[in-house]
Amino acid sequence: MDYDVVIVGGGPVGCFVGRLIAEGKRKVLILEEHNEIGEPPHCAGLISQEVLSMSGIGDEVVLNRIRGANIYGYDGTRLSFLGEKTYALVIDRIMFDKKMALKAEDSGAEVLKGSRAIAFERGNGYIDVLFRKEGKEYRVKTPLVIGADGAHSLVARVFNLPLPGEIIYGFQIEGELDCLTPEQVDVMLDSETSPGWFSWIIPMNRSYARIGLGINVRGNPREYFDKLCKKWGPLMSFRNSDIRRIMGGIIPIGLIEKSFTDNVMLVGDSAVQLKPLSGGGLYLGLLAGMICSRVALEALERGDFSSSMLSKYHKLWMKSVGKEIKLGLRLRKIFLGLTDTEKSELLKLLDNQRAKSIILSAGNIDHPWRVAYKLMSCMRVPLISRMLALAFS
0 MDYDVVIVGG
10 GPVGCFVGRL
20 IAEGKRKVLI
30 LEEHNEIGEP
40 PHCAGLISQE
50 VLSMSGIGDE
60 VVLNRIRGAN
70 IYGYDGTRLS
80 FLGEKTYALV
90 IDRIMFDKKM
100 ALKAEDSGAE
110 VLKGSRAIAF
120 ERGNGYIDVL
130 FRKEGKEYRV
140 KTPLVIGADG
150 AHSLVARVFN
160 LPLPGEIIYG
170 FQIEGELDCL
180 TPEQVDVMLD
190 SETSPGWFSW
200 IIPMNRSYAR
210 IGLGINVRGN
220 PREYFDKLCK
230 KWGPLMSFRN
240 SDIRRIMGGI
250 IPIGLIEKSF
260 TDNVMLVGDS
270 AVQLKPLSGG
280 GLYLGLLAGM
290 ICSRVALEAL
300 ERGDFSSSML
310 SKYHKLWMKS
320 VGKEIKLGLR
330 LRKIFLGLTD
340 TEKSELLKLL
350 DNQRAKSIIL
360 SAGNIDHPWR
370 VAYKLMSCMR
380 VPLISRMLAL
390 AFS
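Heads up: the sequence shown runs through residues 0 to 392, numbered per numbering that gives the first Met the number 0.
Heads up, a few of these hints could be off.
[To be verified] Distance condition first, Cα-Cα at most 25 Å in a straight line; then the derived PhoX-like pairs of lysine-lysine:
#1 LYS311 / LYS332
#2 LYS132 / LYS26
#3 LYS373 / LYS332
#4 LYS112 / LYS84
#5 LYS325 / LYS314
By construction, these hints were calculated from the structure, which means they are not laboratory data.
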């Protein structure tokens, strides 16, 4: 069977792109390797209201609304702030993903679950996509393959497209927790328990939370999680007897030089379209997905799937999504360049009314660089000078 577009990966970004292309009256196949959409989950499930609006999904997926944070240094130093407005939404990520897939199907896209892409063969202007479902192998033909298959993208590897420059290895549980401040997330900046990244507690309600961490070193993230529980246990009031779900995953970090080739485009995690400071991928992935779908429809209209045509996609997303990633990478350089002691010193410097006012007025989880640069521009201390030097080195 022939399709106008085959999308490898049935996550929210892949289904979003599939939906938009199908709305253009094109025949779309989405291959999802897992038997159930959204499972297993690999995400902390913290998004902005803007992301929810972009997705077209309603408030039924929202579990909690976040109005502030407690940020801890390695030595227990705490910066706490709580505003009037909602800064982030805690969502049921499995339900969210399922609804994104249903929207794609409602628009006319075909979503095949339990279907793993295994090979790609170039023909005369087409690509044969081979996939396995329930032990049987199938073959479909398409002029355009879109890789939305995550950080370990098979599409990227087969077509020799760039891979991420850095990988964060994550581990998270959902469990019972006495959430004393359910409208605030907790973030721990401690290289002993989360080297190269951070740890988090995201309240789902007053009794349950997602507790997780990331590391940028080789090793078992679960062992670091055990360290986290041992060191920060009093803060978490965590009860091991009631773990509802254990999750793991990887977060690609970087800015790739090319996200296309003849008959192929990458989008979402496959194209490393994530925020380098937090690892969130939905905002930038959906933004890039809009561009990807527009270029795909134009390519289909013209019957042109050459690198020259599809390069338009890369150029367009680099102007918007790429700009956000570049700014985030500067902040990541600062984060990696500071010692734990300097991070605690920074939290103390920000523990004043003026700084908190800036955080609450300019804070935006989709654009963290805005509040960061605003804070750095109004503070004249040696540590800030060092941070600026790190950012632009």
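query = Taken at face value, is the distance from the CA of LYS84 to the CA of LYS112 at most 25 Å?
reply = Outside the cut-off at roughly 39 Å; violated.
ask   = Quick one, are LYS325 and LYS314 close enough, alpha carbons at most 25 Å?
value = Satisfied, since the Cα-Cα distance of roughly 14 Å is no more than 25 Å.
query = Has the given pair, LYS311 with LYS332, been kept, meaning a C-alpha gap of at most 25 Å?
reply = violated (29 Å)
ask   = Is LYS373 within 25 Å of LYS332, Cα to Cα?
value = holds (17 Å)
message = Next pair to validate is LYS132 with LYS26; report whether the Cα-Cα distance is within 25 Å.
response = The given pair, whose Cα atoms are some 20 Å apart, holds under the 25 Å limit.
When each numbered hint is compared with the structure, violations occur for hints 1, 4.
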